[in-house]
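S.K.: If you want the building blocks of each chain, they are given just below.
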Amino acid sequence: MASAHAGVIAATPRPRFGLRVGEWLNREGVLGPMFVAPALLLLLVLVAYPFCMAVYFSLSDAFIGRPTEFTGIRNFVNLWESDAFRQTFQNAFVFTGISVGFKLVMGIALALLLSQQLWFKRWIRGAVLLPWVIPTALSTLGWWWMFNSLYSVVNWTGIALDFMDAPGPNWLGQKYHAMAAVIVVNIWRGLPFFAITILAGLLAIPKELYEAAEADGAGPVRRFWHITLPLLKPVLGIVILFSTIFTFSEFNIVYVLTHGGPINSTHLFATLSRQVGLETGRIGEGAAISLYLFPVLMFVVWAQLRSVRREVL
Amino acid sequence: MASVAKRRHWKKLGIHLLLVPFLLFALFPFYHMATTSLKSDRELYDRTAVPLVIRQGVTFDHYKKLLTESEFVTWAKNSLLVTFLATTLSLVIGTVAAYALARLTFIGVGGLGTAIFVTYLVPTSLLFLPLAQVVNWLGLGDSKWALVVTYPTFLVPFCTWLLIGYFRTVPKEVEECALVDGCTRIQALWHIILPIAVPGLVCAALFAFTLSWNEFIYALTFTSSSEEITASVGVTQELIRGDIYYWGQLMAGAMLGSIPIVILYVFFLDYYVSGLTAGAVKG
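Residue numbers (numbering that gives the first Met the number 0), protein chains in the order written: chain Y, 0 to 312; chain S, 0 to 282.
These are computed hints drawn from the structure, not numbers from a lab.
The beta carbon of each residue, even a glycine, is placed where N, CA and C say it ideally should be.
Accuracy of the hints is not assured; some may be wrong.
[Said to hold, decoys possible] List of simulated lysine-lysine pairs, DSS-like, C-alpha gap at most 30 angstroms:
no., chain 1, residue 1, chain 2, residue 2
1, Y, K232, Y, K206
2, Y, K120, S, K5
3, Y, K206, S, K5
4, S, K11, Y, K232
5, Y, K206, Y, K120
6, Y, K232, Y, K120
7, Y, K206, S, K10
8, Y, K232, S, K10
9, S, K76, S, K64
10, S, K63, S, K76
11, S, K11, Y, K120
12, Y, K120, S, K10
13, Y, K206, S, K11
[What the hints assert, rightly or not] A few chain Y residues that face chain S, going by a derived Cβ cut-off under 8 angstroms, partial list only:
no., residue
14, N25
15, L39
16, L42
17, Q116
18, R121
19, R124
20, A136
21, V152
22, T196
23, A199
24, L304
Starting from the given sequences, assemble the full structure and let the hints guide the process.
M.R.: Next up, the structure:
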């Protein structure tokens with residue numbers, strides 16, 4: 000455009016500096032990198048660099064306020080000899096497996112109910128979503144009170160309804176009960192994400208499919224198995240992957256509710272890593288513990304990128 | 000015909016009945032928190048009393064004590080400041096990055112998009128240990144500014160990812176018209192694209208606000224003195240001293256600490272639902 004004009008008006012003065020900068024900025028090859036630069040800088044300094052530091056720490060005997068020495072993979076090996084770590088490793092899989100399983104099944108059930116014609120649709124959806132919105136650390140305090148050893152409202156209700164014998168379990172003071180409590184709170188917090196996302200998937204399924212199946216005499220159960228579930232598969236895949244990584248790396252609920260106890264029975268990688276790395280100062284070992292989250296992250300990223308790339312990138 | 004209508008009616012009723020346990024599960028903790036925060040200590044620690052209802056009258060003592068005898072107001076102010084600044088910063092950085100990644104072609108655009116997506120999936124609990132060292136190295140140890148600087152690490156990838164999707168829905172022709180009319184790209188972005196993308200921007204801002212208000216592990220790790228911590232950290236750490244828990248005050252703190260989010264939630268419920276269903280948000 001500019002050169003065409005220049006041909007007509009031969010004696011055009013050189014454009015002002017501001018104009019030239021403007022034109023230069025208009026080039027995609029210039030504007031693009033400029034627009035991405037702040038984000039890139041942030042991610043390099045505050046994500047990539049700390050990550051490299053974590054790897055470096057994990058390979059050293061770093062301790063707060065002491066010069067460090069490179070020790071190779073000793074931290075990763077030593078951890079296996081620690082009871083606390085082995086317990087944590089097992090906890091992470093039990094916690095994630097049971098939580099995600101329950102969230103999935105309950106999420107599908109809730110989504111199916113929410114997709115029906117309801118009287119106060121907006122209100123009901125709003126109520127269902129609420130646990131996901133409130134700060135987890137604060138809502139977990141509420142659960143802490145509900146599981147209190149003396150005044151547990153859970154036990155009171157259980158006893159009143161004859162589910163439990165008085166005085167009922169000491170939820171946070173006994174091994175398996177504490178794990179159950181932590182899992183229940185995680186399900187409570189994560190269920191809305193499953194329900195609402197699966198609901199979106201449900202609403203995207205064409206109604207004609209159900210009408211046709213009904214006309215062919217398929218009952219509700221068969222319609223669910225042969226239409227709903229297969230068509231929900233992509234949505235379920237994404238929800239399970241996302242939830243797995245964030246359940247696996249859960250911190251808030253365990254930290255507030257049990258602090259990893261009793262006797263490490265509810266520690267997850269994030270909480271143990273904090274305890275070892277900050278509370279006892281063994282940064283190297285703490286970093287090694289948190290890096291055990293990495294393989295799971297890598298797997299989820301790989302699986303997500305495979306499906307995302309097909310659609311967007 | 001009448002019987003068909005009747006059967007539908009019963010079915011609808013049945014669905015609502017099936018929803019009741021889910022609703023109880025979702026809402027009961029909040030109900031219990033609220034009633035606890037309004038009960039007198041005498042009723043709270045009476046083991047013969049029914050814990051489900053308030054029988055001896057409502058009292059605001061716990062709230063009064065929380066606001067006058069603890070640093071709660073300072074913590075809430077910190078939370079607001081950090082959340083507001085981190086959200087604004089992330090939204091600006093995320094918007095320009097998303098525009099570039101969605102609309103412009105330049106070297107490395109594909110790789111960057113992937114990098115943003117990958118960081119978006121990195122959980123905060125993986126990085127808090129080394130990040131604490133970086134924060135100290137920046138001279139921000141035990142300061143709320145550490146949070147203003149570090150929260151964008153999870154907010155920017157989130158905003159960018161969400162907004163790339165929104166910018167892609169704006170037809171390319173709209174922008175090309177503006178360019179042909181003599182707009183520069185920046186003008187086109189400012190006058191044409193951003194106004195169209197307002198719902199996306201609101202959604203991103205809302206979730207960024209919620210995510211940073213709810214953030215806990217960074218706040219817990221990077222700040223510790225009472226003047227610098229956020230509401231979540233203050234309530235969970237400072238209100239518990241020794242073995243005596245002031246449950247009424249704790250629950251009052253949890254209620255008040257949730258209020259800004261609840262207000263946003265009531266006004267923007269549909270955005271929350273649409274953000275979740277767009278699959279942009281992790282849970």
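S.K.: Going through the numbered hints above, which ones does this structure break? Give me the numbers in ascending order.
M.R.: Hints that this structure does not satisfy do not exist here, as all of them hold.
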